[in-house]
Amino acid sequence: MTTISSVAAINSNQLDSAGSSVVVNTSGNALLFNYVLFPADNATGTTNQNIISKTVNVGTDSAVVVTAGSVYHLFVDTSAILCDNTDLSVKVRVMGTDGVYSEFAEPVTLYLTPGDITLDRATFKSSDYGYNYLEGGRLNAYFEEDSCNEDYVIKYNLCVQYKTGVVDGDEYETQYRVYENLEYSENGIFVDINGPDAENYNGVREDSLYVAVQGVRLLPGDQEALGPLSNTVQALDANIPDAPVLLRVTAVDFNGTLSPAADPSISLAWNAPPSAAIKPITKYYLYRTKNAEPFDFTTTLAEVDPSASPVLPGAVTTYNDTALSGFAVNDIIRYTVKSVDATDPANPEVSPQSNVASQTWVIPSSVPQNLQVSALLDKDSEGLDSTNVTVLFNRPATINGQLAPPDVGDYSYDYYHTAGGYIFVIEYQESGASTWNPLGTFQRDYTDESLIQENFNDLDLVSESSTIRVTVNLTTYFSPPTVEGLSLPGFVAGFEAAATSLAASLPIITDINGVDGQNQWTFSEGLVSFNVYSYGPLVGIKYNNATVSDTVAIFGLNIADQLPTYQQVPIPTPEQIPEDYYYGEFAGALKYSFVRSEPGFAPLTITCGNVAGVATSSRSDASP
0 MTTISSVAAI
10 NSNQLDSAGS
20 SVVVNTSGNA
30 LLFNYVLFPA
40 DNATGTTNQN
50 IISKTVNVGT
60 DSAVVVTAGS
70 VYHLFVDTSA
80 ILCDNTDLSV
90 KVRVMGTDGV
100 YSEFAEPVTL
110 YLTPGDITLD
120 RATFKSSDYG
130 YNYLEGGRLN
140 AYFEEDSCNE
150 DYVIKYNLCV
160 QYKTGVVDGD
170 EYETQYRVYE
180 NLEYSENGIF
190 VDINGPDAEN
200 YNGVREDSLY
210 VAVQGVRLLP
220 GDQEALGPLS
230 NTVQALDANI
240 PDAPVLLRVT
250 AVDFNGTLSP
260 AADPSISLAW
270 NAPPSAAIKP
280 ITKYYLYRTK
290 NAEPFDFTTT
300 LAEVDPSASP
310 VLPGAVTTYN
320 DTALSGFAVN
330 DIIRYTVKSV
340 DATDPANPEV
350 SPQSNVASQT
360 WVIPSSVPQN
370 LQVSALLDKD
380 SEGLDSTNVT
390 VLFNRPATIN
400 GQLAPPDVGD
410 YSYDYYHTAG
420 GYIFVIEYQE
430 SGASTWNPLG
440 TFQRDYTDES
450 LIQENFNDLD
460 LVSESSTIRV
470 TVNLTTYFSP
480 PTVEGLSLPG
490 FVAGFEAAAT
500 SLAASLPIIT
510 DINGVDGQNQ
520 WTFSEGLVSF
530 NVYSYGPLVG
540 IKYNNATVSD
550 TVAIFGLNIA
560 DQLPTYQQVP
570 IPTPEQIPED
580 YYYGEFAGAL
590 KYSFVRSEPG
600 FAPLTITCGN
610 VAGVATSSRS
620 DASP
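Everything in the sequence shown is counted per numbering that gives the first Met the number 0, starting at 0 for the first residue and increasing by one.
Do not take every clue at face value.
Restricting the straight-line Cα-Cα distance to at most 30 angstroms, the calculated cross-link-like pairs of lysine-lysine (DSBU-like) are [said to hold, decoys possible]: (1) K337 <-> K282; (2) K378 <-> K590; (3) K337 <-> K289; (4) K337 <-> K378.
Estimated spans, in silico, between C-beta atoms of each pair [claimed, not checked]: (5) E448 <-> G325: 36 to 44 angstroms; (6) Q371 <-> T249: 33 to 41 angstroms; (7) P571 <-> K378: 20 to 28 angstroms; (8) D191 <-> L218: 25 to 33 angstroms; (9) G58 <-> G220: 27 to 35 angstroms; (10) G58 <-> E172: 41 to 49 angstroms; (11) G431 <-> D620: 25 to 33 angstroms.
Read the hints as simulated data drawn from the structure, not as lab findings. Beta carbons: idealized from backbone N, C-alpha and C, even for Gly.
All chains should be modelled from the sequences, with the hints used to inform the complete structure.
Below is the structure:
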């Protein structure tokens, strides 16, 4: 029968098997192992209180033969780490080739390991900037230590790869170092590189210095429980700030070039670099040029204070450039920015430049001309209540920019198409109110017709006598700026024209010949009287392109010669219908009462109009 002579724990968290392992010495060949896993004596909570038993076959990844017939490496399946707050004990027995299990060996403790470490960043600060070494400096690795480590003796290994100053062939020699048993401090760990080690360090100066960190639990008897290795990060040069990142144009106002009341402006934004966490940024230098002209780094456009102090990585700073009077149409305005540590004002430390952001200068198109607006309330068409707006105008006298979308690569035509053409914004304001409420925003393709008419039907119904306001501008295209692959929409809104109109319903012709609600008559009864209800004053109508002023026109036939003609009926003084009028449809309207008694004329049609349009009422038969 094969027996176990000794079991020794290997205190490391094995990444591939998510567990720890033991070395088992046996008296002969082993066929398989059985182990029982349970909490050790230092268990303080309810975590990992389960008892686990597993059997593994020799020759598999879980039971590796080290020396046949005597030494085996047994992997114990557990992913427990220190935050579980429980070390583990394991008992092991072996089955030999005779198929008989041995007795369980004495339990051994599997000491739990530190957990995963995530490096936030690493920095290298050379001795020329604050350390008393002829060469070398301080290497920092920043991470947050797990709170569960407080109850244990934890140290850290700092694993470093870097290129030396020694040339090996065509490349600098690559070296590896592990700095052991470092104490956690300053939100991480650090090592001072000096002496012979410093002589070979080129590190950050060639962007070659990379670090990773491993947690180590110190155990009795000079043993260690090794945690997994962290992610690897490149050490940043902490001697000067890094360049700002993602400089971009965030907004553009071109209109000031044509409007003395408004200043043209380009709004910029950028983010603080990761090095801001360890290298102060006290200001930014902003530079500007145009077209293909190089930047002049001896003269800044502005020294910009950060938006917040202290400056944290990723913090956004903005600037609004309004000094744009010296640019012409289609000039490409280019910007770049640098980080500055001016803690010592006499010796400011300045970063390299950021990416370049650019903006093409475009003058907006002028206002659409001769804008006219009318608004009709449709309150009885098939039971649908809505507002219909008609807009008439002439195209702008000056059109700047492109009328067709530019070639913008990955951006589709449809994306840009939503921005170009005539843009209509329709709003309303209740009588006596001061707030504009939206009825809709609409786009129409550009047309070069001199007179342009657009109809917007089935808008939300507004109240009678509400004011309708329409603004119209022509939005044109231009080649968009590019910022490290990011493109702004390439369009510019032209100057707006605005016009208003009172919203009203069509006049209602009714009560013909004194009969309430009657809107027709016959030849035999003739036309004697009628009423017109209107929410706006009646206006003259046009007949043969001539305005019939201050009248209602009655079209018909001269009975003697049967020729068409019309009569002008003066518009009488209206009566205001009370708001609580029993006939609610006309509450608040103007009531016009007409009477006619002229012989020799056969009326066929009554026509009248207000600002909303023209209404008619006709005879109900075809008698002569």
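Status of each hint after checking the structure:
Taken as a hint, the K337 and K282 pair is honoured in the structure, with Cα atoms around 9 angstroms apart against an allowance of 30 angstroms. Taking the CA atoms of K378 and K590, the gap is about 18 angstroms. The hint holds against a cut of 30 angstroms. For a cut-off of 30 angstroms, the pair hint linking K337 to K289 stands: about 18 angstroms separates their Cα positions. The hinted pair formed by K337 and K378 fails the criterion: a straight-line CA distance of about 63 angstroms is larger than 30 angstroms.
Distance hint for E448 and G325: a CB-CB separation of about 37 angstroms, consistent with the stated range 36 to 44 angstroms. For Q371 and T249, the hinted distance range of 33 to 41 angstroms is satisfied, since their beta carbons lie about 37 angstroms from each other. Range check, P571 to K378: Cβ separation about 25 angstroms, and the 20 to 28 angstroms hint holds. Distance hint check for D191 and L218: the Cβ-Cβ separation is about 28 angstroms, which falls inside the suggested range of 25 to 33 angstroms.
Between G58 and G220 the C-beta distance comes to about 32 angstroms, which sits within the given range of 27 to 35 angstroms. Between G58 and E172 the beta carbon distance is about 42 angstroms. The supplied range of 41 to 49 angstroms therefore holds. Our hint of 25 to 33 angstroms for G431 and D620 is violated, since their Cβ atoms are close to 47 angstroms apart.
Comparing the model with each earlier hint shows violations of hints 4 and 11; every other hint is respected.
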